[in-house]
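Visitor: Use the sequences and the hints to build the structure in full.
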Amino acid sequence: MYPLHGQAGASKRHTLIGGNIFGTLYQNARKAGGHLYQNDMKLVVEGSAFVYPDVMLVWEPDDGSPHAETSPCLLVEVLSESTASHDRFGKHGIYTTIPSLQTYLIVEQSERRVYAYGRDGERWVLSDLQGEGHIDLPCLGRRLSLDETYDGVV
10 MYPLHGQAGA SKRHTLIGGN IFGTLYQNAR KAGGHLYQND MKLVVEGSAF VYPDVMLVWE
70 PDDGSPHAET SPCLLVEVLS ESTASHDRFG KHGIYTTIPS LQTYLIVEQS ERRVYAYGRD
130 GERWVLSDLQ GEGHIDLPCL GRRLSLDETY DGVV
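Every position in the sequence shown, counted from 1, becomes a number in the numbering used here once 9 is added.
Warning: the hint list may mix true and false statements.
Taking CB as the label site, the calculated pair distances span [as the list claims (entries may be wrong)]:
| id | residue 1 | residue 2 | range |
| --- | --- | --- | --- |
| 1 | S136 | G73 | 31 to 39 Å |
| 2 | E69 | L135 | 35 to 43 Å |
| 3 | V134 | V163 | 15 to 23 Å |
| 4 | P147 | F59 | 19 to 27 Å |
| 5 | D145 | R39 | 16 to 24 Å |
| 6 | E131 | V54 | 12 to 20 Å |
| 7 | G18 | D137 | 22 to 30 Å |
| 8 | G73 | D156 | 20 to 28 Å |
Hints were generated in silico from the structure; no laboratory data involved. We put the beta carbon where it would ideally sit given N, CA and C, even for glycine.
Guide: And the structure:
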């Protein structure tokens with residue numbers, strides 16, 4: 010229970026954007042044998058604390074924990090005012106150390122903009138998409154468009 014004067018939970022835009030990404034990718038992930046999670050699945054990163062990404066795709070078998078994953082190939086964070094700095098810097102530093110990770114998306118909710126980090130060998134390449142465009146998701150063998158990401162978000 011939260012007091013009425015406080016802010017708890019995500020905004021409508023945040024929830025819609027995360028839901029759009031999850032909904033768009035869900036059937037592809039299931040057909041290919043992956044596990045796609047939204048919001049409440051813990052990601053444990055070796056040598057770090059744990060986090061709860063907005064969307065996470067995992068192929069590798071888990072470590073047996075019913076409450077956590079350790080080897081994602083795709084991570085998505087939808088920015089919020091209160092978490093934007095941590096998502097852009099803190100989580101980026103943690104996520105890019107995960108050997109299985111191929112793509113990390115930072116998604117704006119105040120504008121149609123996605124920062125897509127893709128692994129290219131040992132380095133990470135940033136693509137900054139604004140307004141229109143597609144993001145390659147190599148671990149899923151498909152692209153995600155900004156239209157799919159922001160569908161119905163006013």
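Visitor: Could you run down the list of hints and mark each one as holding or not?
Guide: Results for each hint:
The hinted range of 31 to 39 Å is satisfied by S136 and G73, whose Cβ atoms lie roughly 35 Å apart. Here the CB-CB span from E69 to L135 is close to 25 Å, at odds with the stated 35 to 43 Å. In this structure the supplied range 15 to 23 Å is violated for V134 paired with V163, their Cβ-Cβ distance being about 32 Å. Between P147 and F59, the C-beta spacing of about 26 Å keeps the proposed range 19 to 27 Å intact.
Taking 16 to 24 Å as the suggested C-beta distance range, the pair D145 and R39 conforms, at roughly 20 Å. Distance hint check for E131 and V54: the Cβ-Cβ separation is about 18 Å, which falls inside the suggested range of 12 to 20 Å. Checked against the hint of 22 to 30 Å, the pair G18 and D137 passes, with Cβ atoms roughly 28 Å apart. For G73 paired with D156, a C-beta distance near 39 Å fails the hint of 20 to 28 Å.
The structure fails to meet hints 2, 3 and 8 from the earlier list, while all remaining hints are met.
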